[in-house]
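Could you build the full structure based on these sequences and the hints that come with them?
Number of protein chains: 2
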Amino acid sequence: MTTPDRDGALADQLLRLTHRVHRIQKRHLHQADLGITPAQSRLLRTLAHFGGPPRMADLAERLEVVPRAVTTLVDGLEASGAVRRVPDPANRRVIRIELTDTGRATLHVLHDARRAAAREILAPLTDEQREVLGELLDTLIDGAPLPEC
Amino acid sequence: MTTPDRDGALADQLLRLTHRVHRIQKRHLHQADLGITPAQSRLLRTLAHFGGPPRMADLAERLEVVPRAVTTLVDGLEASGAVRRVPDPANRRVIRIELTDTGRATLHVLHDARRAAAREILAPLTDEQREVLGELLDTLIDGAPLPEC
DNA sequence: GTTCATTGTGAGTATAGGTAACAATGAGCT
DNA sequence: AGCTCATTGTTACCTATACTCACAATGAAC
Chain A
1 MTTPDRDGAL ADQLLRLTHR VHRIQKRHLH QADLGITPAQ SRLLRTLAHF GGPPRMADLA
61 ERLEVVPRAV TTLVDGLEAS GAVRRVPDPA NRRVIRIELT DTGRATLHVL HDARRAAARE
121 ILAPLTDEQR EVLGELLDTL IDGAPLPEC
Chain B
1001 MTTPDRDGAL ADQLLRLTHR VHRIQKRHLH QADLGITPAQ SRLLRTLAHF GGPPRMADLA
1061 ERLEVVPRAV TTLVDGLEAS GAVRRVPDPA NRRVIRIELT DTGRATLHVL HDARRAAARE
1121 ILAPLTDEQR EVLGELLDTL IDGAPLPEC
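Those protein sequences? They're chains A and B, same order as listed. For the first sequence, position 84 (counting from the first letter as 1) is numbered 84 according to this note's numbering, and the numbering increases by one without interruption. Heads up: take any position in the second sequence, counting from 1, add 1000, and you land on this note's numbering.
Calculated directly from the structure, the hints in this document are not laboratory data. C-beta atoms are modelled at their ideal positions from N, C-alpha and C, and glycine is treated no differently. Incorrect hints may appear among the rest.
What the hints assert, rightly or not - DEER-style ranges, computed between Cβ atoms:
no.: 1; chain 1: A; residue 1: 37; chain 2: B; residue 2: 1050; range: 30 to 38 Å
no.: 2; chain 1: B; residue 1: 1038; chain 2: A; residue 2: 128; range: 32 to 40 Å
no.: 3; chain 1: A; residue 1: 76; chain 2: B; residue 2: 1079; range: 27 to 35 Å
no.: 4; chain 1: B; residue 1: 1052; chain 2: A; residue 2: 101; range: 54 to 62 Å
no.: 5; chain 1: A; residue 1: 69; chain 2: B; residue 2: 1035; range: 20 to 28 Å
no.: 6; chain 1: A; residue 1: 102; chain 2: B; residue 2: 1101; range: 54 to 62 Å
no.: 7; chain 1: B; residue 1: 1078; chain 2: A; residue 2: 123; range: 33 to 41 Å
no.: 8; chain 1: B; residue 1: 1048; chain 2: A; residue 2: 67; range: 32 to 40 Å
no.: 9; chain 1: B; residue 1: 1119; chain 2: A; residue 2: 37; range: 29 to 37 Å
no.: 10; chain 1: A; residue 1: 69; chain 2: B; residue 2: 1033; range: 19 to 27 Å
no.: 11; chain 1: B; residue 1: 1035; chain 2: A; residue 2: 75; range: 31 to 39 Å
no.: 12; chain 1: A; residue 1: 69; chain 2: B; residue 2: 1078; range: 25 to 33 Å
What the hints assert, rightly or not - List time: in silico EDC-like cross-link candidates among lysine to aspartate or glutamate, alpha-carbon distance up to 16 Å:
no.: 13; chain 1: A; residue 1: 26; chain 2: B; residue 2: 1064
no.: 14; chain 1: B; residue 1: 1026; chain 2: B; residue 2: 1120
no.: 15; chain 1: A; residue 1: 26; chain 2: B; residue 2: 1120
no.: 16; chain 1: B; residue 1: 1026; chain 2: A; residue 2: 64
no.: 17; chain 1: B; residue 1: 1026; chain 2: B; residue 2: 1112
no.: 18; chain 1: A; residue 1: 26; chain 2: A; residue 2: 120
no.: 19; chain 1: B; residue 1: 1026; chain 2: A; residue 2: 12
no.: 20; chain 1: A; residue 1: 26; chain 2: A; residue 2: 112
Written as C-alpha cells, this is what we have:
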C-alpha cells in the first residue's frame, strides 16, 4: 500500500503548515512595526480587492467572520488612521469602509512584509514547485464550496 | 510578464487557505463533541508521534510554542482525562506527559474528524493533485529552517 | 557551597473570534 | 397612515490561543 491514509496525512501537514504560516506572518508584521495585527492586515488586504468602499457586512462575508469581528478590526484600523468609516447616504444603516492615504501606504509595507514571509516559508521550494503549488492553491480556493452551508 | 509577483500571490493564497483550514478544523472538532480544542488536538497528535512520554519542554519545542502555553493545554487535557502528568523520577524538575486510554480513544475520533476536514478542504483536487500537494507540503515542512533562529 | 542553568507554573496581557441582545433603519403589507 | 419584519452595526460578555515576566524548585559546575 503506497498511500495508507493520504488524506489523513495531508490533514496533518496542512495543520502544521497553517501554524507555521501564522507564526511567521505574525513575526514579519511585528518587525514591520506598523501597529497592525494579522487580522487587521487581512482586512486591509481584502479592502483593496473591492472596487469601491464595501459595507461592513460585505467585509464580514468576504472574510468569513461574524459581523461583530469586523467592528473590532475596523475600530483598530480607524485608530491607526488606515481606514475611515463613511456613512452611506443611500441607506443610513450601512457604513462603508474607505482606505485612507495612510492606509494605502500601510498596504504597500504590508505587501512587502507578506512577500518576505512567503519567501521564508517557500524557501525549500524551487521555482517550478512554487508554480505548481500556486496552481493547486488556486484550485483549492476557487473550488471552495459556498461559505457557511 | 507571466508572474508579476508570484511570491506575493502565494502569500495571499496561503493566508486565505490558513484561515479556511483553521475554521473548518474548528467546526469538525466541535461536531465531534469531545470537548477538545484545536490546540489541544494538536498537542495530542504530537504526543502520539513521540516514542515515550515526552517532557513538557519537548512538547513546547515540537509545537513551536512557549512552555507556558503547554501548561495550559495539558491542564485542559488532564481535566478531560486524555493525558496524565507523570513526574520523572530521574529528574524531579521534569514532568512527563502520558496518553491515557481515554486519550488514545480520543485520538482515534480526532483522526477521523481530521480526515473528514481534509476531505472537505481538498474536495476540489483530484487524486493526482493531492499526491503532488502532499509532496510539496513534505518538502515545505522537512525543509523548514530550525525553529526560532 | 555558592552560583548559574533548567523546568514548569502563577499572574497578567493581547489577539481573534464567537453569542446574545438591541437600537436604528428600511421594506412590505393592509 | 400604522404594524410587522428583516437588515445593519454595535454594546456587552465569553472563550481560546499564546505571549511576557517573575518565581520556586531543582540540578549542574566551579
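Hint check results:
no. : hint                         : verdict
1   : A:37 <-> B:1050: 30 to 38 Å  : 33 Å, holds
2   : B:1038 <-> A:128: 32 to 40 Å : 33 Å, holds
3   : A:76 <-> B:1079: 27 to 35 Å  : 34 Å, holds
4   : B:1052 <-> A:101: 54 to 62 Å : 59 Å, holds
5   : A:69 <-> B:1035: 20 to 28 Å  : 24 Å, holds
6   : A:102 <-> B:1101: 54 to 62 Å : 57 Å, holds
7   : B:1078 <-> A:123: 33 to 41 Å : 38 Å, holds
8   : B:1048 <-> A:67: 32 to 40 Å  : 39 Å, holds
9   : B:1119 <-> A:37: 29 to 37 Å  : 32 Å, holds
10  : A:69 <-> B:1033: 19 to 27 Å  : 24 Å, holds
11  : B:1035 <-> A:75: 31 to 39 Å  : 32 Å, holds
12  : A:69 <-> B:1078: 25 to 33 Å  : 31 Å, holds
13  : A:26 <-> B:1064              : 14 Å, holds
14  : B:1026 <-> B:1120            : 13 Å, holds
15  : A:26 <-> B:1120              : 27 Å, violated
16  : B:1026 <-> A:64              : 14 Å, holds
17  : B:1026 <-> B:1112            : 14 Å, holds
18  : A:26 <-> A:120               : 13 Å, holds
19  : B:1026 <-> A:12              : 14 Å, holds
20  : A:26 <-> A:112               : 14 Å, holds
Checked against the numbered hints given earlier, the structure breaks only hint 15 and satisfies all the rest.
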